[in-house]
Structure formats: structure tokens, C-alpha cells
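Asks: Protein chains in written order, with my numbering: chain Y, 1 to 393; chain V, 1 to 370.
None of these hints come from the bench; they were simulated from the model.
Some hints here could point you the wrong way.
Have a look at the derived ranges for each label pair, beta carbon to beta carbon [as the list claims (entries may be wrong)]:
{"no.": "1", "chain 1": "V", "residue 1": "Gln68", "chain 2": "Y", "residue 2": "Leu262", "range": "26 to 36 Å"}
{"no.": "2", "chain 1": "Y", "residue 1": "Gly51", "chain 2": "V", "residue 2": "Tyr110", "range": "54 to 64 Å"}
{"no.": "3", "chain 1": "Y", "residue 1": "Gly84", "chain 2": "V", "residue 2": "Gln68", "range": "11 to 21 Å"}
Straight-line distance between alpha carbons at most 30 Å, and here's what the computed DSBU-like set of lysine-lysine pairs gives [said to hold, decoys possible]:
{"no.": "4", "chain 1": "Y", "residue 1": "Lys181", "chain 2": "Y", "residue 2": "Lys116"}
{"no.": "5", "chain 1": "Y", "residue 1": "Lys307", "chain 2": "V", "residue 2": "Lys265"}
{"no.": "6", "chain 1": "Y", "residue 1": "Lys132", "chain 2": "V", "residue 2": "Lys273"}
{"no.": "7", "chain 1": "V", "residue 1": "Lys273", "chain 2": "V", "residue 2": "Lys187"}
{"no.": "8", "chain 1": "Y", "residue 1": "Lys116", "chain 2": "V", "residue 2": "Lys142"}
{"no.": "9", "chain 1": "V", "residue 1": "Lys71", "chain 2": "Y", "residue 2": "Lys132"}
{"no.": "10", "chain 1": "V", "residue 1": "Lys142", "chain 2": "V", "residue 2": "Lys227"}
{"no.": "11", "chain 1": "V", "residue 1": "Lys142", "chain 2": "Y", "residue 2": "Lys274"}
{"no.": "12", "chain 1": "V", "residue 1": "Lys2", "chain 2": "V", "residue 2": "Lys142"}
{"no.": "13", "chain 1": "V", "residue 1": "Lys319", "chain 2": "Y", "residue 2": "Lys81"}
{"no.": "14", "chain 1": "V", "residue 1": "Lys183", "chain 2": "Y", "residue 2": "Lys274"}
{"no.": "15", "chain 1": "Y", "residue 1": "Lys307", "chain 2": "V", "residue 2": "Lys2"}
{"no.": "16", "chain 1": "Y", "residue 1": "Lys116", "chain 2": "Y", "residue 2": "Lys171"}
{"no.": "17", "chain 1": "V", "residue 1": "Lys57", "chain 2": "Y", "residue 2": "Lys289"}
{"no.": "18", "chain 1": "Y", "residue 1": "Lys4", "chain 2": "Y", "residue 2": "Lys181"}
{"no.": "19", "chain 1": "Y", "residue 1": "Lys174", "chain 2": "Y", "residue 2": "Lys289"}
{"no.": "20", "chain 1": "V", "residue 1": "Lys78", "chain 2": "Y", "residue 2": "Lys362"}
{"no.": "21", "chain 1": "Y", "residue 1": "Lys20", "chain 2": "Y", "residue 2": "Lys2"}
{"no.": "22", "chain 1": "V", "residue 1": "Lys265", "chain 2": "V", "residue 2": "Lys316"}
{"no.": "23", "chain 1": "V", "residue 1": "Lys319", "chain 2": "V", "residue 2": "Lys265"}
{"no.": "24", "chain 1": "Y", "residue 1": "Lys186", "chain 2": "Y", "residue 2": "Lys116"}
{"no.": "25", "chain 1": "V", "residue 1": "Lys316", "chain 2": "Y", "residue 2": "Lys307"}
{"no.": "26", "chain 1": "V", "residue 1": "Lys78", "chain 2": "V", "residue 2": "Lys21"}
{"no.": "27", "chain 1": "Y", "residue 1": "Lys274", "chain 2": "V", "residue 2": "Lys273"}
{"no.": "28", "chain 1": "V", "residue 1": "Lys366", "chain 2": "V", "residue 2": "Lys344"}
{"no.": "29", "chain 1": "V", "residue 1": "Lys71", "chain 2": "V", "residue 2": "Lys366"}
{"no.": "30", "chain 1": "V", "residue 1": "Lys183", "chain 2": "Y", "residue 2": "Lys307"}
{"no.": "31", "chain 1": "V", "residue 1": "Lys78", "chain 2": "Y", "residue 2": "Lys3"}
Output of the computed footprint for chain V on chain Y, the stretches with three or more beta carbons under 8 Å from beta carbons of chain V [what the hints assert, rightly or not]:
{"no.": "32", "segment": "261-272"}
{"no.": "33", "segment": "378-390"}
Keep in mind it's a predicted model, so treat the numbers as computed, not measured.
For every residue, glycine included, the Cβ atom is placed at its ideal position computed from N, Cα and C.
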Amino acid sequence: MKKKQCVAMLLAGGQGSRLKALTTTVAKPAVSFGGKYRIIDFPLSNCTNSGIDTVGVLTQYQPLVLNEYIGTGESWDLDRKNGGAHVLAPYQAKRGARWYEGTANAIYQNIQFLNKYDSEHVLILSGDHIYKMDYSRMLAQHIDTDADITIAVIDVPMDEASRFGIMSYDKTKKIFDFAEKPKEPKSNHASMGVYMFKKDVLVRMLTEDDEDPDSEKDFGKNIIPKMLKLNMRVFAYQFEGYWKDVGTLKSLWEANMDLLGLEPVFALDGDAWKIYSGNNAYPPALFMKEGSASDSIVTEGDIIAGKVVHSVIGEGVTIEEGAVVENSVIFSGSVIGAGSRISYAIIDENVTIGKNCVLGDKKSSPDRIALVGRDTVLPDGTEIESGSVTEAE
Amino acid sequence: MKTLGIIFSNIHERDIPELTKVRTLASVPFGGRYRLIDFVLSGMVNSGITNVGIITKYNYQSLMDHVQSGKNWDLSRKNGGLTILPPFSEDAGGGVFTSRFEAIKSVASYIRHNEADYVVMADCDVICNLDFAPAIAEHERKGADITMFYREKNVADTDYERLIVETGEDGRIVKTCGIEGAKGVHKVYTDFMIITRRLLLYILDHSAQWGISSFSRDILSNVREYKIYGYELDGYCVAVNSLADYYAHSMELLNPEVVRELFYKGGAGIYTKVRDSVPAKFTDTAKVTNSMIADGCLIEGEVANSIIFRGCRIAKGAKVTNCIIMQDSVVESGSTLNCVIMDKDAHVLDNRLLSGHPTHPYYIEKEGTI
């Protein structure tokens, strides 16, 4: 088997509990986004577009939807004979069975996978972010600087810096200071959770870390600080462009809204960097006589007989006559009953909203999103207040 | 019952010369994201037919680009799957075939090396969501040699090349004749048939000896010698045999009942080549009513009673009414279009005023600029 230059490991096992009902039955990377995508489409498409054809997807929390979605990896052109997409779930071994305990431990438990491909470098990714990034440029810098680890950084507003891992680096991009979620950040260079390791270094660090009983088995908390302490070659790769952590309902809503408009904050198209996704056999969107869409995204399979304003509508959604959907995100397969009014809501997959329902109220805002969980059926005339969470029984 | 599907990609091509100038009939775009072949091909796949040969004639590059390995129809298989059958006919002196019968004869070895019990033959001009399985079951139950699919329809709006059939008790066809001179409602043959594979090979092997050179004249009309049954296609099923037909049937897609029947019947979808387009975007100046809009479109202007294919842009201030705008075409601001068919990658510049009529839509060729 020909040796690979770089293999990616995608951490997709997180629960994402701040997304509330959206992640009751699916892992965060499988949450819908932008009409026809799921969050994981972004790192997977980035890999394909960057020439990385081998991706281990580490799953743990509620993996069913995610496993089915990834399938053979075909949607992202990752159904390769040598390489491709592999779903890596925790497994039982001679020494016993362990769940993935922390980001570093998840990779540690799959050292066999890394050894099998024996690539020179390993890219660690997370399945929580919306961004387009050319990892091959990061790899080029990583090789140029002969780094042991290269950490992708993005500059964030100073007042948000304490939510991230914050780094300081010198002119050569060598990092001399790293603090995980510092109270008083020394810079605004935030870690994107994207790490490029020399494979041998990664294996050594993970093995040592696993033997350390005091370690939390986390890249940000343990591995990186230790590498700095050992004065290893730790470098920053400065990323410029759109990058959004969609870990909360508000940020997920905002990221969807960032797609709207003629000159959107984040453009899905208009460049060669295509985002791929699992494709369903839906006909184009059908607008009825009274149907309309303004400042919105509408996807194939939709039947629009109501009014859609400043919203993102997923695949196969029916919006009946007289219904008004404003400032909302509707995932695939849902039905919005005639005469219903939806404002500042996120509606998960396959929800049925009856006729003349009202979601949201005067207090509705991006901070008070009404959430309706997957497969929920709301009877006619249901009223739901802003900021509430409604789940199927 | 194993079944082999054979699709004729080019027959009826001459009926719509505008759209088939640059492509084969099979790859004529239809319904915002599909090609005509998608309907019959998906129908076969949804009926459990996993072995499909596509007979090609001229200009089939666009078809090969569309079907590729057959993956999108789940026809990329170790056993069988999709096969493109390039044109070659010994009867035509090593050139391309000139009739349906010659075409089938030219692929006799493909049919011979298949283990199917039955062969389903179909053309690409018919738009329907057809489940072949019940028809094949009936063919088997009746011990038929041939099953001909027909629709009851007024022959006035049917093209003259077709056959009409008369059925007797239990659906056996008692008479087959040409359409010329007929009036009123008849059972019109759709050029879809099921034929028992052994019989087909037997006929092909002896065709020279028996003087057989045409399906319609020498086989389908010979209702005494062959056990031929009829199978009625119900539900939405239309043929595209002129640009006006193409226009009219495209516009029928604006009826949600038609959409439900054509794209969702029995949970069976219509598959097509995946393009990974982004969803359609509508700006705050967009006005859309009674229209079908595919992924990848950017709608800033007004669209009414129209079909807009993937990747089109309707600029601010443009008005598009009763139109069919194919893939990646652009209508610039201030232009007004009525009853226009824009082929792929066409471009209407600023402030143009174009209009056709539903029976004579104004056609802009592929990559044309107005």
C-alpha cells in the first residue's frame, strides 16, 4: 500500500448538549445546516478539496444518523480503494472495553488505524464548525517549518477570547504561550481545534499521555501545554476567512442567517470550494400561486404555498397556504400547517406543525429561539413561546 | 423473474430538433434538474431491474456524461448494472443502425449473454413514474410472448408514427394497426414492451430467413403467431413529441398533484446526476409565484409560471413569465421574457423583450446570447 502524506481524524463523538433537543438523538456533527447540509459536510468537503482522501470519523454519542449519513463516504468522493472515510467507534479489546475519554484518548484508541496508514502527518479535526479551509496550505507550512504540531488559529474579538484556547506566537509563527479558555487572554489568536501533527510525534505524545493518571486526555488541556513545556516545535497557522462554532442555538441560527443575501457573510457558492452532501431524490422546489420567498434559502423538494421571509428552508419541507415563516431555520421533511406563524424558531427534521399554530412571541429574538425537536407533532392551534424547547414524546 | 432493461436513447429525436441538435433525446433536460432518460431509467431501477443497456446512436457524449457509471441510479454493480451500447450494425454494413429492429439485432450478443427471463424495451420520450414489476408479473402469469404498454388517448394529439392496439378478453391484443386515418380515443402503444428473452433471441437468429426487419410491421402486427397482451398505463404518463409538447408537459409540473405522482408515487423517486449545487437563494427583491425552482439558482427578479433549472440567475428587475430556463442560464436586469425556452448556458442581456406563444415557444439555443 502506498504511504499517505496526511490522514485526517475527525472527532465526531461529541454530544453538543448546548444545542438542547437538536442533539437528543443525533450527534452534533449530524445536525442540519444551510438547507441541505449537515455540519460534518464542512470538514469532510474541506478534506476532499484539500486532497486528503483518508478520514477516520470518530463517533460515540448517538452515532446512528451519522453512520448512515457517512455510509461509504461516496457523497464526499471518499469511497477510495486505498483510504477513504472510515467510521471509528469505540471497541472492545483484550485489555477491556473503553469509551472515548477526551479528545486525545479517542485518537489514542485508534493508534492502530494511524499505524495502518502510517502517514507522515495526521490532521485532527472537529465536527463542530462551519468553515471552508484549505488544509493543504496548512500542511505546506507545517512541513516548511518542520513543526511537531501546527495549530490553526483565527483572530476572534478580544471580548470573546476567553471562550477559546488562546495562543501567542513570534514572527516565525512559533508559539510560546498557550492557555485554554484564559480569564485574561494575552492575545486574540484562538485555536480552531484543527491540529496538524507529525504522526510519530502524535503517537508518542498520546502514548505518554495515556500513562499519565492526572491527565484529562484532552489536546487543549494536556497535550499542547506539555509539548510547549518540552520546548517542542509548536507552530501557529493563521487562518483568515469565515469560521463559526455552531455550538449554541444562537450561533447555529446566526450561521444559517450568514448565508442569506446577495453578498452573504458566508458564501456557500461562488468559488471552486464546493461543499458536498448526501443527496436525496427530490424534485425542484415548487412555489404555489400564493407562495413567496424573500431574502431566504429554499431547497429542493419544498412546496411553498405560504410566505417565507429571511429564513433557511431545508429539503422536502411543505409550507401550507397562509403560513408565515420569518427569521427561522427549518430542517428537512417538516410540514408547517396552513395559517401558522413561525418567528425566530429552529425546527428540527420531520416535524409536523398543525394549522394556525403560533411559534414565538413579542419577545422573540436570536437570544430567544423557539426550538422544536425532531419528529414532534404539534396539534392545530398550538402556541409556543419564544426561547422554549418542545420535544417529541 | 430476472429482467433486462433496454433503453433506446435516440428514437423520436427528430420530433424535437431544437432540443436534440446538441444532444440525444435521452439527455434532453426536463423538470428543473432531470434528463428525459431519468424517468424510464429510475422506473426500471425502482421496479427491481438492475441490468440496463442503453442503446445509443449519434451525439451520445452528453448522455455518457449524464449517466456515468450508473452510480446515481444504484446501477454501478458487480453483476449487471448499467451498460452503454455504442451503435454498430452489421446489417448497415458496419455503420450505425437505421431501425429499432436493426438496433436490437446489433446488441444480440449483449442480450444473449444475459440470464434474464424477460427483456423490457423502452424509449426516452415518455415521462412517467412507472412500476414495471406488476406488468412483468402479469406477462409471466399469462405466459405472454410480448406485452405492449398502451395509454387510452385521443389520437388527434398523438404523432402519426405510433401504433394503436385493440384488446380482446383478458387483455390479449387482437389487432395492431397504424394511427393514420384513426379518429377519437384509442389505445395508443407507447413503444414500451416486455418480450420473453428466448423468443427475442429466436427471432433475431432467424430474422433473415423469415424476412423480419421491423418490430411494428413483422412482429407486433402478427397477433396470431405471437401471444401479445396489452398493459394499460394509468396515472400521469405523457410523451414529448414536439417542442409544444415539451413546453406543455413542463408546465404541468406546476401542478402539485402531478409532482406528487411523478416524483413520489409509492415512495419511488426519480434519480438523476448529482450536482452538489447549493440551495436556491432568493433576495429581498425576488418575487416568485407558481413556479418550480431548482437548487443553485439566484433569484433577484420576478418569476411567474416558470420552470427554472439548476444554477440559473434571474437578475433584479428581470421578469420571467411562462418560461423554461435551463441549467446555468442568466436573464439580466430589465429583460422581460414570456413563453421562452432558454437552453443551457444561454444569456439574455439587459432590457431585452422576448415573447413566444405556448404552442410556439421562443427557443434560445444552448450557449446563445440575446
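Asks: Each hint needs a verdict: does it hold in this structure or not?
Replies: Consistency of the hints with the structure:
1. V/Gln68 to Y/Leu262: 26 to 36 Å: For Y/Leu262 against V/Gln68, whose Cβ atoms are near 34 Å apart, the range 26 to 36 Å holds.
2. Y/Gly51 to V/Tyr110: 54 to 64 Å: For Y/Gly51 and V/Tyr110 the Cβ distance comes to about 39 Å; the hint is violated.
3. Y/Gly84 to V/Gln68: 11 to 21 Å: Holds - the Cβ-Cβ distance for Y/Gly84 and V/Gln68, about 19 Å, lies within 11 to 21 Å.
4. Y/Lys181 to Y/Lys116: violated, 35 Å
5. Y/Lys307 to V/Lys265: Within the cut-off at roughly 27 Å; holds.
6. Y/Lys132 to V/Lys273: holds, 25 Å
7. V/Lys273 to V/Lys187: Since the Cα atoms of V/Lys273 and V/Lys187 sit roughly 34 Å apart, the hinted pair is violated (cutoff 30 Å).
8. Y/Lys116 to V/Lys142: Given that 30 Å is the threshold and the Cα spacing comes to 58 Å, the pair is violated.
9. V/Lys71 to Y/Lys132: holds, 27 Å
10. V/Lys142 to V/Lys227: Given that 30 Å is the threshold and the Cα spacing comes to 9 Å, the pair holds.
11. V/Lys142 to Y/Lys274: Not satisfied, since the Cα-Cα distance of roughly 53 Å exceeds 30 Å.
12. V/Lys2 to V/Lys142: Distance of about 16 Å is within 30 Å: holds.
13. V/Lys319 to Y/Lys81: Between V/Lys319 and Y/Lys81 the Cα gap is close to 50 Å, so the pair fails against 30 Å, i.e. violated.
14. V/Lys183 to Y/Lys274: violated, 55 Å
15. Y/Lys307 to V/Lys2: This hinted pair is violated, its Cα atoms lying about 49 Å apart.
16. Y/Lys116 to Y/Lys171: Roughly 37 Å between the alpha carbons, so the hint for Y/Lys116 and Y/Lys171 is violated.
17. V/Lys57 to Y/Lys289: Violated, at roughly 42 Å.
18. Y/Lys4 to Y/Lys181: violated, 34 Å
19. Y/Lys174 to Y/Lys289: violated, 61 Å
20. V/Lys78 to Y/Lys362: Distance ~60 Å between V/Lys78 and Y/Lys362 Cα, so the pair is violated.
21. Y/Lys20 to Y/Lys2: Given pair Y/Lys20, Y/Lys2 is violated - Cα atoms ~44 Å apart, limit 30 Å.
22. V/Lys265 to V/Lys316: violated, 37 Å
23. V/Lys319 to V/Lys265: violated, 34 Å
24. Y/Lys186 to Y/Lys116: Violated. Y/Lys186 to Y/Lys116 sits at ~40 Å, over the 30 Å cutoff.
25. V/Lys316 to Y/Lys307: holds, 20 Å
26. V/Lys78 to V/Lys21: violated, 35 Å
27. Y/Lys274 to V/Lys273: holds, 16 Å
28. V/Lys366 to V/Lys344: holds, 5 Å
29. V/Lys71 to V/Lys366: holds, 27 Å
30. V/Lys183 to Y/Lys307: Violated - the C-alpha atoms of Y/Lys307 and V/Lys183 are around 47 Å apart, more than 30 Å.
31. V/Lys78 to Y/Lys3: Holds. V/Lys78 to Y/Lys3 sits at ~28 Å (cutoff 30 Å).
32. 261-272: holds (count 4)
33. 378-390: That given contact is violated, which follows from only 0 residues of the segment 378-390 of chain Y lying within Cβ reach (below 8 Å) of chain V.
Going down the numbered hints, you'll see the structure goes against 2, 4, 7, 8, 11, 13, 14, 15, 16, 17, 18, 19, 20, 21, 22, 23, 24, 26, 30 and 33, while the others check out.
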